[in-house]
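Turn these sequences into a full structure, and let the hints guide you.
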Amino acid sequence: MSEPDGRQGNEVSRRALLQRIALAVASAGVLDLKAGQHVHKAVSQEKQRTGEYTPQCFNGGEYQTLQRLSELLIPADDQSGSALDAGAPEFIDVLANQNEELAEIFISGIFWLDREMGRRQARRFAEAAEDEQIRLLDELAAAADGSTGALIDFHSAPEYAGFQDYTARPRGRLGPGARFFVWARRLIVDAFYTSPIGYEDVGYKGNHYRTEYEVPQEAIDYVMKRSPLGSA
Amino acid sequence: MLEVIRSPKVYDVVVIGSGAGGGAAVQVLTGKGIEVALLEAGPMLHPEKDYKEHMLPHHVDHRGAGEGGAHYFGRQPWGFFRAPNGAWDLEGEPYTVAPGSEFRWFRSRILGGRTNHYGRISLRFADYDFMPYTMDGLGSDWPITYDDLAPYYDKAEAFIGVTGSIEGIRSAPDGIFQPCPPPKAHEHLIKQACSRVNIPCIPMRRAVITKPLHGRPACHYCGQCGRGCITASNYASSQVQILPALKTGKLKIFDQAMAREILSDENGRVTAVSYIDKKTRTEQQIRCRVVVLAASACESARLLLNSRSSRFPQGLANNSGVVGRFLMDTVGLGVGGYVPALEGMPHYDTDGFSGGHVYSPWWEWDKKNKDFPRGYHIEIGGGFGMPGVGSFQGQVARIGGYGGQLKDRIRKEYGAFVAFAGRGEMIPNNLSYCELDPVAVDKWGIPVLRFHFKWSDYEWKQARHMERTFVDLIESMGGQVLGRRSPRLDGEGISVPGTIIHELGTVRMGNDPRSSALNQYCQGHEVRNLFVADAGPFVSNPDKNPTLTITALAWRTSDYIAEEMKQGHV
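Chains P and H are the protein sequences, given in the same order.
The first sequence lines up with residues 1 to 232 when you count with the working numbering.
The second sequence lines up with residues 1 to 570 when you count with the working numbering.
What the hints contain is simulated information worked out from the structure, not anything from laboratory work.
Do not take every clue at face value.
Said to hold, decoys possible - Calculated lysine-lysine pairs in the DSBU-like style (CA-CA distance at most 35 Å, straight line):
{"no.": "1", "chain 1": "P", "residue 1": "Lys205", "chain 2": "H", "residue 2": "Lys191"}
{"no.": "2", "chain 1": "P", "residue 1": "Lys225", "chain 2": "H", "residue 2": "Lys191"}
{"no.": "3", "chain 1": "P", "residue 1": "Lys225", "chain 2": "H", "residue 2": "Lys412"}
{"no.": "4", "chain 1": "P", "residue 1": "Lys205", "chain 2": "H", "residue 2": "Lys278"}
Just so you know, these numbers come straight off a predicted model, no measurement behind them.
This is the structure:
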């Protein structure tokens with residue numbers, strides 16, 4: 001997952017590569033894995049960004065709050081970096097810049113967060129002490145998740161994807177903050193796991209060209225040994 | 001007077017729609033030297049630039065959430081990376097749903113239709129599926145038997161390529177198979193759980209080739225079939241049948257061509273198809289000897305209902321009044337589980353071909369005393385899937401909170417989930433049908449469909465059986481069932497009608513012209529040069545997913561058309 005991004009997809013060379021692969025496979029019946037990886041790399045050159053990102057939608061203070069939230073919601077640990085490292089603020093800025101409804105959710109939410117922190121500490125959220133930030137986020141998480149924990153019904157079948165709704169049930173004064181917390185967490189989590197840092201963090205191994213598909217015996221053995229139905 | 005542009009040329013056959021049925025018709029007819037005009041209501045497909053097969057989320061700024069985060073507002077239900085296919089709502093092309101009913105209609109507008117993205121599960125109907133009325137007194141028998149269709153299942157499988165294994169199970173007739181890739185680790189556990197309760201769990205039958213076939217290279221196991229396959233290693237009518245048929249010189253494709261009406265003469269013979277050329281917003285006519293309707297079951301019904309004349313006041317080939325009736329979808333219910341036994345498993349590439357490498361065919365087909373008729377098959381999910389927008393939100397909702405504890409749990413639980421999806425047979429009923437809306441039209445002025453739909457007790461009881469089965473399987477593996485258990489109440493948990501996208505039955509075939517629109521060759525009882533080659537002709541909707549049977553039936557119909565044309569009968 002660590003291949004470097006290249007600037008702009010080269011449609012011609014990508015297509016040529018894919019055709020070469022198709023031909024090679026059609027004639028030989030097998031696919032050279034290295035050649036496959038070339039295509040993989042070519043395709044991965046769809047997007048590249050160099051240098052510092054300049055926010056398009058959020059102002060400096062707002063963006064700073066998004067950066068801080070990204071560090072706190074998915075923090076760095078001994079295995080991987082944070083959602084800030086994974087580009088979460090940039091992701092949110094890109095989307096909000098294209099969608100006024102989303103921009104409003106985040107801008108109003110950041111206002112709320114700053115005002116609430118101001119009431120408590122006379123500071124904007126991003127400038128408050130870490131323990132104060134965490135105390136507020138803990139309260140928002142508790143309000144958002146409620147006593148039952150579950151916010152949504154999880155349907156893993158892809159055909160249900162369009163029918164999921166993200167329904168928070170926050171109560172009381174923290175309601176608007178809890179609603180924003182749910183939005184921020186949702187986008188920050190998505191941003192983290194859709195980055196190379198996130199793929200590596202969970203240990204995703206897919207998206208390869210293979211001539212044969214095999215399942216490692218050690219994985220099968222591991223599972224069957226732990227099966228409560230008795231080892232097969 | 002309306003200016004209509006008529007083609008000077010008279011085509012042998014006009015095929016309307018380019019999905020599984022239209023694709024098979026085009027392939028078979030052009031292969032026999034018959035000149036075909038293909039109408040597709042959407043644009044041409046260009047796999048090399050339309051497909052996003054191997055992209056990772058971070059290759060685009062929006063990570064797959066779509067422009068402006070469409071995903072988060074429910075405006076991108078199929079994901080950004082999915083092959084071009086269609087939508088639940090098409091701009092300017094509405095449909096209506098009668099008060100008290102619920103129905104969603106997925107429509108494709110692209111060369112290849114829904115075959116570009118579908119799950120590619122390819123199951124033959126069982127022998128008993130063709131005689132449901134004889135078996136249990138519900139619904140109607142088909143005018144054909146398994147033996148009539150079997151040679152065409154053979155042809156279809158041999159041509160498009162289907163994986164599988166010889167099993168000798170009556171509910172899952174064997175066919176001509178390519179080898180299926182091996183079960184994944186979690187599937188070994190699921191097989192064990194199934195075998196404990198005598199549920200068969202066998203290699204998947206999927207339209208993916210694992211050996212080269214007719215110039216198409218074998219699968220390269222990237223697990224992204226739904227995005228469209230750049231090497232055409234899975235079946236899509238666009239890549240496997242239609243684009244190759246262009247090389248015969250016998251095929252002319254009219255894209256962005258929305259069929260409006262099928263025109264017939266005083267003798268009840270089809271003479272031409274009238275369509276809107278969306279590019280110029282003009283009405284055109286193509287003259288032909290034969291029409292093959294393959295626009296999808298409901299769209300085909302709509303077109304017939306909109307083709308009225310003094311001879312056919314209720315719509316073309318519809319003096320029986322059955323067009324639009326007997327609308328069925330598949331009964332869908334899914335249950336997911338978190339399985340601690342899978343936690344900590346050595347991570348590996350679980351892509352394979354997309355979806356499970358095993359499935360469970362229906363196992364109680366000979367059981368007499370169950371509380372619902374017919375049955376369902378089980379589709380299986382799990383593995384270390386590609387992270388995408390939304391992939392971990394189920395875990396976030398369940399775990400709650402944020403920070404290091406959330407990150408730890410997500411990491412630990414990744415790949416430790418399984419999912420079971422039941423796909424069961426609905427019994428046709430009088431409250432489920434489509435008709436022309438009395439007032440609404442689409443942007444081309446064509447009257448649109450109004451849907452009526454009701455699940456009956458048969459489906460509710462079946463859904464409960466699914467739920468009990470899946471919960472038992474998950475719990476026997478030591479897993480925890482996720483989400484609300486359903487359906488405890490009617491209206492809870494069972495799939496929204498139409499959303500399994502197996503809607504069919506609306507132009508049904510039969511031996512009796514009083515109760516069917518088409519004969520056993522899917523030929524109009526009243527209009528001999530009109531044929532239907534999608535799932536409209538289906539008399540029932542067995543738990544086998546319709547596509548392979550659409551292909552086989554369309555192939556049989558096309559063979560018959562060619563023979564009838566040769567004999568000068570049509």
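### Query
Would the pair P:Lys225 and H:Lys412 pass a check requiring their Cα atoms to be no farther apart than 35 Å?
18 Å, holds
### Query
Are the Cα positions of P:Lys205 and H:Lys278 separated by 35 Å at most?
44 Å, violated
### Task
Take a quick look at whether P:Lys225 and H:Lys191 sit within 35 Å of each other, Cα to Cα.
14 Å, holds
### Query
Keeping to a limit of 35 Å between CA atoms, is the pair of P:Lys205 and H:Lys191 held or broken?
The hint holds at about 24 Å.
Checked against the numbered hints above, the structure violates only hint 4.
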